[in-house]
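Undergrad: Sequence:
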Amino acid sequence: MSGENFYDDEWTWYSPVEIGNCIYYDPPLPVELSTFTASMSITNDAVNLMWVTQTESNMIGYRILRGNSDVLAEAEDQNTLIPATNTSLPVSYMYSDTVIQPEQSYYYWLEALDMDGTNTFFGPIAITVPGEGEYTPAIPLATGISSLYPNPFNPDLTISYSVKTSLPVKIDIVNMRGQIIQTLVNENKEAGVYRQNWNGTGSDGRLCSSGVYFVRMQAGGEEYYAKAILLK
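According to numbering that gives the first Met the number 0, the sequence shown is numbered sequentially starting from 0.
Just to be clear, a hint being listed does not mean it is correct.
Said to hold, decoys possible - Computed cross-link-like contacts, BS3-like style, restricted to lysine-lysine with a CA-CA straight-line distance of at most 25 Å:
1. K188 - K163
2. K226 - K163
3. K188 - K169
4. K188 - K231
Derived from the structure by calculation, the hints contain no laboratory data. Predicted, not measured: the structure shown is a model, and the values here were computed from it.
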């Protein structure tokens, strides 16, 4: 039986782990995190935290913890809960910490909250806020969708995204069936941080119906998704 895969009655995949002469099957993690980064805003008045998940299931959401050292026990919860998307598609999230001081170093942890009460911590990542008058150019640490604002929206949505290196970028609005509703961007982009507006209309110019839509970004052979909710 060693090296085989096991499926339970609901066809949930478990990976085998052999310990001695026994084989145990660990259930898949509720979240698979691919990146967790920190960068200063263009005006140096906020630390932007960005993370990308490849898959999520049975997640409540995420909390941000911040400390002045790399000791998790000394970090403080930033009193925010970012709801999880719970999808098998890659999703980008962003949180902006605006309560910061010049020349201060901060350590951040990402806490993932599972519906069964399990908490998983990622990090820390560290960043030092520049001093007064110093200018830090906005150099994106990762390619992907940074944020959607507001969300839910009606009818205008601002899509913030970043490109690490010069790449062809295509951004589409996709419905729940995977059909392209509107193509917003389809051109080469230099490294940088960008914003793109969507006015809630399809390619025919008509306002879309209320519901869930996905912003899909294709760049460098990778795809990134973020969920948007249109309310009327």
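Undergrad: Compare the structure with each hint and give your call.
TA: To see whether the hints hold, each was checked on the structure:
{"no.": "1", "hint": "K188 - K163", "verdict": "holds, 10 Å"}
{"no.": "2", "hint": "K226 - K163", "verdict": "holds, 22 Å"}
{"no.": "3", "hint": "K188 - K169", "verdict": "holds, 10 Å"}
{"no.": "4", "hint": "K188 - K231", "verdict": "violated, 33 Å"}
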